[in-house]
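Undergrad: These are the residues of each chain, in order.
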Amino acid sequence: MVVSVRGLLWRCALGVLSGWLVLGAMGCATTQGEMGGSGTASTGLPPGLRVDEVEEATEAEAALLVTQVMAVANATHAQGARLSFTFWNERGALTLISFSARGVSGPAAAALDDDETHDTLATVLAEYPQRHTGQAILTLQREQAKWAMDYNVSAAPRPPEARLLPVPMKAFPAEVVRDSTKRLGKMLEAVEVPTEGEIWLDVEVQLEDGRIEGWRPRLFQLARRGGRPRPVSPLLASYAVQVLLPFTLGVGPRTVLVRLRLAHRAQDTEALGWVEFAQIERPQSSPETNAAFVAEYRAMHEYLLWKWRYEVREGAEWIARRGAEEMATWYAGGVLLRGGGYLARWAGSATRRALARGGEAATGWLRTTLSRLPGDKKREFEWLWAKVQLEGERALTAGEKASLRGLMERVEQLVHTRLDIQAKKRLRDSAREYYKTLHPELRQLLEEQGAAFPIHHRRPLDYAQLFPAEDINAADNLVMVKQAVHGHVNRAWARFKQLRPDPTATEVSEAAKAIDARFHIWYHQAGDPRGAALSLGDAERAALQTLERLFPN
Amino acid sequence: MDVCRHLGFALWTQPPVHAVPTTAELVGHLPFDPVLAAVYSRWSKASFATDIAGVVLAGNDDSEFSLKSQSTWWREFHQARVPLPLFIFGGEPLLAYSYATVPDLADVQGRQPVVHVDTYEFEGPLIHPVASNVDRFFDTYSHFLEEVAVTPEFKKEKEAVLTFPWDVPHLLARDLPLVELLREGRFASVLPQDDSTQRWVERILDIAAGG
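Residue numbers (this note's numbering), protein chains in the order written: chain D, 1 to 553; chain A, 1 to 211.
A portion of the hints provided could be inaccurate.
Partial list, derived from the structure: chain D residues whose beta carbon lies under 8 Å from chain A [as the list claims (entries may be wrong)]:
no., residue
1, 379
2, 421
3, 432
4, 454
5, 487
6, 490
Think of the hints as simulated: they come from the structure by calculation, not from any bench.
None of these values were measured; they are calculated from a predicted model.
Note that the Cβ used here is the ideal one computed from N, Cα and C, for glycine as well.
Here chain D stands alone, though its shape is the one from the complex (with noise of 0.2 Å):
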């Protein structure tokens, strides 16, 4: 119950706009919006966001992704063609998922009417995904003098990779299309297609948000055996790269796969092409990984790169500026994500499996756990964390990436150190402000009775080395006695101490309860608890008792 109460208060910090993004993104999860197709547009907006902001930014999305259809189209002229985009589409956020080209190859078709192209899939794509949520198969065929056009909605899951908010770009950054064009190029010239014959070719692209982080060849196959070797056209290189940019509108790591077929005709000197099919492969996700914190996070996460591509510019200071409880989400999130590389050599690291958890668990985890750096270190952890989630890792220097590996090692060994009397105090000191947050109502009692009511962790901290995963300063674990009760209970676990000085885990799990059963009624209480039927000397007597049954000398 305490947990719970914790969670809310963090999302009251967190504001509005993150349970919008979070029901958004877990109403999919979860509802019968998960099968998609039969959801419906819902009208609520987030509470950071103005109402024609999105409004312009999902026709200008629309405007794009018509630019981007029409051009893949315009290279398309066989009769019969049928290209297949299959987009998950969350009020007119529409993030590509897959595509297909069948009976490109064929005979061409004669010339159409590129304004009516146009003018039909800029209705389409303005007004369809208005109603509904879900998933979108748009198909162009190919037929004389036009393509007949299809908008259906189908049934399944929402990726991961799916925008929750539209992108108000006009057009895809000139630089990612120059070095796409150039890196697919570079990689298509290494390639020859025997005279007449045909071969197909898959590409890995790897994506994280709306960057290229790699391409890489995967597989190459002869289909048809022929002549001697032909080179590729170049133009291939440009139109495959035409294919692939709507990709990039989705949010987290992905590898898009994309198969290139090849050609040559006997009557050209170049061997030609066309992209049979692209779709997205995503990273598995560990079975551990709490999958509701992870939407929460990557709600969040679209939203921060929303708001930093769009509307600031400022980047990571921008981000900086937030306050830490805002972003502690985001954080954890981003360190269990995309933090293995920093602990690979760590097996069973601590830090990933309390990040693994999620919600609060994980939150309150790190929040702890960075309360033990110096704060120019638990600055500098969150500013690289910042950093690595807005632009990528690439974007650390050499430097930088040492220090982000250096904290991480730091975080990981400091969860699995004892802590020294001033650690102590720093816990104190936060779990004291933390649950001054969960009761509110102390704070003239605080004021006006200060230390005659200290805050007890109920596993204390002295043996918060043996619960690395574990936040010591978690709501459960803190209690609020009288300094009586205190005394009394610190007697008992000074006979635990006495009965094993280096006690398990386990061990401590056990006194912690044998304790807790005798002086639970005591705890959160300013007052003396009403029927209470030992007094508290009688309590100690007792613990002391089971204590000394539990681990006999």
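Take the given structure of chain D and dock chain A to it, following the hints.
TA: Only chain A this time, still in chain D's reference frame:
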């Protein structure tokens, strides 16, 4: 108080309700600290900067956190493990850290040094000297608050990332009578010794010596 007002920290006082007590009533036949006597002649209770960490003075009243209740609590749970009597006059809000004077180490004017008392440790209280007298304690604490107020975390989120006294040994090292007491080993002879106490003393002496 001026520093609290200037920096906008919480400040709370209550007018006197009882006459200033004598230590004899509370901890035996020892003189009451004259600075504390002056404080309690003005207020029955006061708290400073409780919005970030702060100090709450035990009340000269009948409340849960009173000079009397603290004296009783200290005697019942902790005094037996400390060689000389301590007089608990305040504490940190919601934490088992107290501030106490050491009557046996009073200077010629009767002013008693101040120690920070950590009663969280199972083996017994940890005691760390923090000021040569109550006046100096408030002076040092006010400088601590000033240092908290200029940290980026406080400016951004009103978060206190410094802890008293651990992050400000340099402020304690400015208290020359305290440094003298430490150098002479006066605390060493009367307070329970452990590694942390020893390291703390060495740290302050090192800074005072220009280290």
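Undergrad: Hints first: check each against the structure and report whether it holds.
TA: Against the structure, the hints come out as follows:
1. 379: Where the cut-off is 8 Å and the nearest Cβ of chain A is about 7 Å from residue 379 of chain D, the hint holds.
2. 421: Constraint on residue 421 of chain D satisfied, holds at 5 Å.
3. 432: 5 Å, holds
4. 454: 4 Å, holds
5. 487: With Cβ-Cβ at 4 Å, under 8 Å, it holds.
6. 490: Holds - the Cβ of residue 490 of chain D comes within 8 Å of chain A, reaching about 6 Å at its closest.
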